[in-house]
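K.L.:
In order, the protein sequences belong to chains R and Z. If you count the first sequence from 1, you need to add 10 to reach my numbering. If you count the second sequence from 1, you need to add 10 to reach my numbering.
Fair warning: there could be bad hints in the mix.
No copy labels: a pair is met if it fits in one copy or bridges any two.
[What the hints assert, rightly or not] Derived pair list, reagent style EDC-like, types lysine to aspartate or glutamate, alpha-carbon separation capped at 16 Å:
no., residue 1, residue 2
1, K217, D75
2, K216, D75
3, K320, D75
4, K13, D38
5, K13, E268
6, K365, E275
7, K259, D134
8, K118, D232
9, K273, E323
10, K114, E268
11, K142, D75
12, K262, D127
13, K114, E275
14, K217, D101
15, K193, E76
16, K68, E240
17, K118, E169
18, K193, E313
19, K13, E69
20, K262, E276
21, K118, E133
For the record, the hints were derived by calculation from the structure and aren't laboratory data.
Number of protein chains: 2
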Amino acid sequence: MSKVHNFSAGPCILPTEAIEESINGLRDFKGSGIPVVSISHRSPQWEETMHDAEILIKELFHINDEYGIMFLQGGASMQFTMLAYNLLPVDGRAAYINTGTWSKNAIKEAKIFGNIDVIASSEDKNFSYIPKQYEVPADASYLHYTTNNTIEGTQFQTEPVSHATLVADMSSDIFSRPIDVNKYGLIYAGAQKNMGPAGCTLVIVKKDILGKSGRTIPSMLDYQLMLSKESMFNTPPVFGIYLSYLTLKWLKENGGVEAIYVKNEEKAQLLYSEIDSNPLFKGTAAVEDRSRMNVTFVMENTELEDPFLKYAEENGISGIPGHRSVGGFRASVYNALPRESVEALVHCMKEFATKNA
Amino acid sequence: MSKVHNFSAGPCILPTEAIEESINGLRDFKGSGIPVVSISHRSPQWEETMHDAEILIKELFHINDEYGIMFLQGGASMQFTMLAYNLLPVDGRAAYINTGTWSKNAIKEAKIFGNIDVIASSEDKNFSYIPKQYEVPADASYLHYTTNNTIEGTQFQTEPVSHATLVADMSSDIFSRPIDVNKYGLIYAGAQKNMGPAGCTLVIVKKDILGKSGRTIPSMLDYQLMLSKESMFNTPPVFGIYLSYLTLKWLKENGGVEAIYVKNEEKAQLLYSEIDSNPLFKGTAAVEDRSRMNVTFVMENTELEDPFLKYAEENGISGIPGHRSVGGFRASVYNALPRESVEALVHCMKEFATKNA
């Protein structure tokens, strides 16, 4: 079959090298003769991988020992609950910035646990921009925001300024660019974009912010307990962690977040340039807030959208329909998507414009 | 390398056929040209697999439409919390039978949510037997028990009699024998024994017992919401579900739970016979309560335990040390463990006895 250019928003394209190495592990994990899914999570071979994965993440993001790393389950949606359980004191307050579907979900879940101040929102314009004006209440325990809005195609270009502990959902742009972890109290991300397969969640937390909510926290939702057990309070999602580790190893071998950032900028600009110059297309996000991960666009003539989708699919372009809640198109250009896939999409857009001039 | 006989308690041996098919899926899922970990969970190909997995489980256990099937995350430990959130009314009571480490954990987590009556326990004899005498309080919302005690090597041979809704943790013996699902309100199991890899949790629930706890339940912990979204409220643990599906497909192709039950009985009896007849070894569980999944034993002369372990390992026997909390030996003889592996272990035990006569 011809090559598929996979622009899926997540689960998404992962490096072929990482997948092939995971296949080796599925046949024989580290020479044990046992598949990675069948070896005890208490075996030295597996414990080494857990350890190596943690070291690798600390290295990629230059994280110091004030921070702990956890591999959990349930995706970002479980973190919406878990972070509130752990960080929002009984009768306490927290501030949230509402920049789209996932921010809204985070706010909804946190409201179960306490008073939530939505201090800024871009809902007035269908979340097509990142709000710049907001004030964090003096008594907020933390400020929560979503660094990249997968569905709406917007992205914070810098961290919000906050006196309160900064908590970020980085599910769809983690490891896509350098960040200063020291600015954050807690960072979390479902793995299934730049990090690995669905079913594994990364949490990076400044240890001294924990243990202050005054709540009785169920064990599986307790960051302190998970940290103390090095993510092995119970059986971890072994394959998810393994393929995440292999994906991040690929990232390191390819220059780390600093190098991928340059490539990601180039890929995104290539596509945005075509959107801006091709008369058939237009971007949906405010130019200064455009996501480098999820490029959202529509067609000037919406009647051409179905024919364009069909034409693109015939040319091996997969996964570009917009999220079912917004329509249009969304091309996700995550770390593992090669530049040639973006070039193929741009080529399609140009050809389609010529045919429909 | 020589063949490894994998007696690991979990993650554990899975059918080679299922793993190989999952490898095909990691390269090209259903002819899409996209790996199963990289395809959208909203794609028709994936939705078909979710649907097929549900149908297959209903078929294997003869489950009617009064029951719902869910694929969740977090293992049985997350269910300890989730079931209490959903089934234990505010100010309500529930009854638990304490038969070992995992029962104790379930009790501990449920106590966060309400009044828990531990109506029977075998803790007085290191959980070496299954208690037979108990009374379920009239006001108990449910009775919780652990069908098979992975660490202690005991197993309920029949369901407890209960007027209250029966809730069972079947993590380590699900799909190993026929059960009458109609006797249960809720069954849950971490996948990583007979069902698939770690990182996927199966829940089977009688739908009409839900929605009565009177609690505000966080979305990710809400059975009704998860059911209404067919386990796709958020991105599911795709690979875990996929390999579980392939493992259960293998089970069906090999005669289903009825056929595997016969094989499992034979494997367990083969090993218990050797333990009972070999003067060097003795079983730790009460004979009538012995687990058919996890065969626990010690040596009459504990000084021979290390030499025996070494001898067994030299002969390709892997994963037989007992759980770190109890010591001795534990040979887990799950569905995918071939009879020849049990024969190899029995052969080792005989040879070792001859050498140490």
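K.L.:
Run every hint past the structure and note whether it holds.
P.N.:
Right, here's what the structure says about each hint:
Taking the shortest alpha-carbon separations for K217 and D75, only the intra-copy value of 9 Å comes in at or below 16 Å, while the best inter-copy value is 47 Å. For the identical chains of this complex, K216 and D75 are intra-copy neighbours only, at 9 Å inside a copy versus 47 Å across copies, given an alpha-carbon limit of 16 Å. Taking the shortest alpha-carbon separations for K320 and D75, neither the intra-copy value of 51 Å nor the inter-copy value of 39 Å comes in at or below 16 Å. Taking identical chains as interchangeable, the C-alpha atoms of K13 and D38 lie at most 16 Å apart only when they sit on different chains, with a minimum of 12 Å there against 29 Å within one chain.
In this assembly of identical chains, the alpha carbons of K13 and E268 never lie at most 16 Å apart, being 28 Å within a copy and 44 Å across copies at closest. For the identical chains of this complex, K365 and E275 are neighbours neither inside a copy (29 Å) nor across copies (69 Å), given an alpha-carbon limit of 16 Å. In this assembly of identical chains, K259 and D134 lie within 16 Å of each other by CA distance neither inside one copy nor across copies; the values are 41 Å within and 49 Å between. Proximity of K118 to D232 under the C-alpha cut-off of 16 Å is restricted to the inter-copy arrangement: shortest distance 14 Å between copies versus 20 Å within a copy.
Proximity of K273 to E323 under the C-alpha cut-off of 16 Å is found in neither arrangement, the shortest distances being 25 Å within a copy and 49 Å between copies. Taking the shortest Cα distances, K114 and E268 never come within 16 Å of each other, neither inside one copy (31 Å) nor across copies (48 Å). For a Cα distance limit of 16 Å, the shortest separation of K142 from D75 qualifies neither inside one copy, at 32 Å, nor across copies, at 51 Å. In the homo-oligomer, the alpha carbons of K262 and D127 never lie at most 16 Å apart, since the shortest distance is 39 Å inside one protomer and 53 Å across protomers.
When the C-alpha separation of K114 and E275 is checked against a cutoff of 16 Å, the pair qualifies neither within a copy, at 28 Å, nor between copies, at 52 Å. Taking the shortest Cα distances, K217 and D101 never come within 16 Å of each other, neither inside one copy (22 Å) nor across copies (35 Å). Taking CA atoms no more than 16 Å apart as the test, K193 paired with E76 passes inside one copy only; the shortest distance there is 12 Å, against 51 Å between copies. Taking the shortest Cα distances, K68 and E240 sit within 16 Å of each other inside one copy (14 Å), while across copies they are farther apart (36 Å).
In this assembly of identical chains, the alpha carbons of K118 and E169 never lie at most 16 Å apart, being 22 Å within a copy and 40 Å across copies at closest. Within a single copy, K193 and E313 get their C-alpha atoms no closer than 46 Å, and across copies no closer than 55 Å, so neither meets the 16 Å cut-off. In the homo-oligomer, the alpha carbons of K13 and E69 never lie at most 16 Å apart, since the shortest distance is 34 Å inside one protomer and 38 Å across protomers. Proximity of K262 to E276 under the C-alpha cut-off of 16 Å is found in neither arrangement, the shortest distances being 19 Å within a copy and 50 Å between copies.
For the identical chains of this complex, K118 and E133 are intra-copy neighbours only, at 15 Å inside a copy versus 43 Å across copies, given an alpha-carbon limit of 16 Å.
Consistency with the previously given hints fails for numbers 3, 5, 6, 7, 9, 10, 11, 12, 13, 14, 17, 18, 19, 20, ordered from lowest to highest.
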